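These are the residues of each chain, in order.
Number of protein chains: 2
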Amino acid sequence: MTLFQIDFEPIGKRVEADQSLSLLAVAQQAGIALAAVCGGVGVCGACKVRLMAGELSPATAEEQDVFSAAEQAQGWRLACRAFPLSDLKIEIPPESLTATQRLQLEGVSQAVDVAPVVSVRPLRLTPPSLTDLRADWDRLMDAFPLVKANPQNDLAVIAQFSTRMREQDWAGQLVLSAENAVIGTLSPAARPYGLAVDIGTTKMAIFLVDLSTGKAVARMGAMNPQIAYGEDVVARIAYANQGEADRLALQRRVVETLNMAITQLCAEVQIKAAQVVDLVVVGNTAMHHLFAGLPVRQLGQAPYVAAATQSLSFPARSVGLDCAPGARVYLPPNIAGYVGADHVAMLLASQIHRLPGNSLALDIGTNTEISLSRDGKLLSCSCASGPAFEGAHIQAGMRAVPGAIERAQFFDGEWHISTVDGLAPVGICGSGILDVVAQLLESGQVDAAGRFTAATQHRVDHPQGGTIELVSAEQSGTGKPILVTRGDIREIQLAKAAIRSGVEVLLSESGISADVLDRFLVAGAFGTYLDLDSAIGIGMFPRIPRDRYRQIGNAAGIGAQMMLVSEPSRREAEAILDRVAYIELTTVADYMDIYVDAIIFNRTE
Amino acid sequence: MTLFQIDFEPIGKRVEADQSLSLLAVAQQAGIALAAVCGGVGVCGACKVRLMAGELSPATAEEQDVFSAAEQAQGWRLACRAFPLSDLKIEIPPESLTATQRLQLEGVSQAVDVAPVVSVRPLRLTPPSLTDLRADWDRLMDAFPLVKANPQNDLAVIAQFSTRMREQDWAGQLVLSAENAVIGTLSPAARPYGLAVDIGTTKMAIFLVDLSTGKAVARMGAMNPQIAYGEDVVARIAYANQGEADRLALQRRVVETLNMAITQLCAEVQIKAAQVVDLVVVGNTAMHHLFAGLPVRQLGQAPYVAAATQSLSFPARSVGLDCAPGARVYLPPNIAGYVGADHVAMLLASQIHRLPGNSLALDIGTNTEISLSRDGKLLSCSCASGPAFEGAHIQAGMRAVPGAIERAQFFDGEWHISTVDGLAPVGICGSGILDVVAQLLESGQVDAAGRFTAATQHRVDHPQGGTIELVSAEQSGTGKPILVTRGDIREIQLAKAAIRSGVEVLLSESGISADVLDRFLVAGAFGTYLDLDSAIGIGMFPRIPRDRYRQIGNAAGIGAQMMLVSEPSRREAEAILDRVAYIELTTVADYMDIYVDAIIFNRTE
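Which chain is which? The protein sequence lines are A and B, in order.
The opening residue of the first sequence carries number 85 in our numbering; numbering runs sequentially from there.
The opening residue of the second sequence carries number 85 in our numbering; numbering runs sequentially from there.
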């Protein structure tokens, strides 16, 4: 049979297949984990893809049920029902990928001109001799009068310079900062690289970027090692408050992880750590402070102020980072004690401060940071959404690791689930519990107050009261049934109320209603793998047209890369701080009313 | 009997005494260790003092022998022969003090206007509240618009600021650098202090200075702990070259000693280490490099160049110094690989670059640095004088510690000695062996070639050949005789030849002879306790009128204090670098001739 070339975008994977296999099967064979809640029988709609070029088998009856005429016209298909008839270009939307694959996707990247902070110049010096006894560093100054005199030049640079010049026979390249301070030297053909880092409370994302091209050439995810000292920000602050040694231990652990990442990423692309000449690090205010060695005590007690919000820059060596001797770490500004530099990076990547009309962008985590832009004027707040979406406080909750239920649908009287990596289910992650609650509501098994109804199916006895069995003991990977309790639903209610009330306060302070929002951007790991229909279904997000929503991936990581590659992007991030008004929710007069209102599931949309 | 008030200068000690005790006895009772080689019988002339005010008993016959009529007219007396007849003011010249007391003297201090690099401003901020959520650091910036934004402000400062402001109820004082970067905060009444440090290869001198008055309020000496890793600069460099960890270990040991000194000196004047807001450190180029973390490999191999000669400044915290969080260490420039920042500090203190006429200044050590000023134009060189004057390579040699013979005279066929602290003799220190050789020469017991003659007395058998007994076993503190060998004399010959040939090269390159030198300044520990007549006697120093010589004490330490107290002094030190031409002796065509000529004792003066 004829073999067709099939390009899956935006993953960028090309495979060959004939017309005997569905796109779902082709994708699965190629290692692309498309979601398939119903098992590929055309019912759940989870495997939707869009035909961008080429010809597929005609749309089936199931597909005509799932997609509107407009959607069909745009090329939307179910991968499990569509078979190739020619070479194809297929777009896989993030929501059709499983969590682990989705998180490997780049965020939505913004084109920035490559204009890094550092510059590279060729270097050739006359070696010292008995008739030319100038000191090594003076020799450099004589050759490069533009090189700034002390104290900008780090001693570590001067120290390494003498050694490197003798190793390199007094030739190579000089790496200079924007202020013409020396960052280091490179051998004649070596290229300069930079590191962009997003330190999350749970996970870290680390990108090695070629500063000549502006492209990330290697990346890795790592657990934040501070997790051993406390699961969340509050516990981390409490640990740090025990004493300076404990606070600095948290800093050291992150630095160790970054050094390990530098080693691995550099090995991957066969460069030396000394070629890493610039770094940008983002994180929430607590992660930012702990990494920078700033105290966090005042973050943990009213009125919860940051030690510093303006952008910071310090020598990478001063915290023990192993890279070019004069490399500096740039930290973009924080907005407030609980709206950090990662949110600024996300705003930069989203560009909502530059877009006309009304745009909302949020990043869901234990704290959810939300910003609303009205023609570029920004209002921000932070709400304590809690760890439910990270699987904590949920009876069978877990992180989005292999075996976690990440999607759930209820139809034909049964629960249909899919798990991360397709393993036998062992628990429920954030997107899974969100789906379950949305489906319970939609099917009338839970009422507006969050109580199970008479219509509830698969009830089981449980010491905590109202409980359903999502997965039976036989189907479970643990040998025990996977349950959802009334307490779990309560947790989701509180979390979604926190987020929704934050959105509502920003709207109300701006004097607009949700329906005039032109766009609603959802960033971050959970924000990228949650199901938008479920989030709207439980009232966490407002009921506005679906095409105004956009899941933008690790936008904080993208923003960090933009600032690494482009000095103007740093200035833009700093200017965002001037455009932002921060709202402390607890000082909003009717905040508690809004919050309590948001707890009820059937609030007026 | 009538009690008189007797002031001893420049020690500044006042005691009461009647006319029954000689000035020597009065001084000894007061704990002032005057040299007394002959035991106070008016023969050796070592206890000479000068009457500045008041009346003494008439000059004795012995004194009329020792002093010229002009000297008698100037008030010179022997302390052992003079008795008080009124209240007195007595000057004790440094050469009449024993080594340990002499080293406690200040160097010759230069008056500088108090104009430190740091400034102090009162600080009072509104505490944060729910209606004023500005970050701590932003709050400061708002109150002090002149405070420079990052990256000048060290993160350690920002880190400490949050904590200190809460401890101090948001009030106190702000310490700013010349560039208005924040160095730290002080409580409302606290004064700012600084630390001036002279890191010698063997000893360190550390001065705590009140920056409000410019006065040193506490000082201490300490051994350089690097001595455990190598006695001299060459051994130290070899150790550092083993690897970066070893090099940094040498740095760490010095930093540990400085931290210990900061703790002790601050306790002594009851201030906190955080009140130390500025530091100036001087040392020879190797000590400078090791302290600053610069490589020394290139200092140890031809052509012996410094990694950097220009002045440096770096955060004190970056090397682990425990003081104000933003305090910086200032290092004045080096001149060359073997003429370091300590020599620049000594030149600054001597002010020879500002004096009219011809001035020579030198600091004797294992390396002896020499500068010649002709109306402010400077020529400098360094000569490898070796460790003989530190007691090394001398049969019975030792440092100038208690029990070391520091003075020796030969008369009446016998050796007369005095020891540090007057203990039973256990060995000979640099000034002692210098005296012995000078006396052997003067008494004809050693010839111009350095060989013992037929006139040599107290000869003893020794495996190394020609040897004399300086102290018998019965008089020795060790129970064994203290000997001086022909090898010892050879060591002194080589050392004095190195120094003298350096002086001669500078004179010759300047086209002048020694007799037109207007002043000859001798700095440093050994330079201060050596006997000038002996140094001239063996030909180490040229035979020019004694009143052109001046022993100026720890001038490098004084220079460091000047730069700590006065920013213009730093600029002056940097300007000295522009006035200096460095001469590498090995490139001087007839250097070896000059050197060999200087080895002979009876060179033409």
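Source of the hints: derived by calculation from the structure; they are not laboratory data.
Remember, predicted model here, so these are calculated numbers, not experimental data.
Beta carbons are placed, not taken as given, at the ideal position from N, Cα and C, and that holds for glycine.
A hint or two may mislead.
Restricting the straight-line Cα-Cα distance to at most 20 Å, the calculated cross-link-like pairs of lysine to aspartate or glutamate (DMTMM-like) are [said to hold, decoys possible]:
(1) A:LYS97 to A:GLU175
(2) A:LYS287 to A:GLU315
(3) A:LYS173 to A:GLU251
(4) A:LYS356 to B:GLU328
(5) B:LYS356 to A:GLU328
(6) A:LYS356 to A:ASP197
Which chain B residues face chain A? A few, computed with CB under 7 Å, are given here [as the list claims (entries may be wrong)]:
(7) PRO379
(8) LEU669
(9) THR671
Checklist entry - Are there hints from earlier that the structure breaks, and if so, what are their numbers? => result 3, 6, 8
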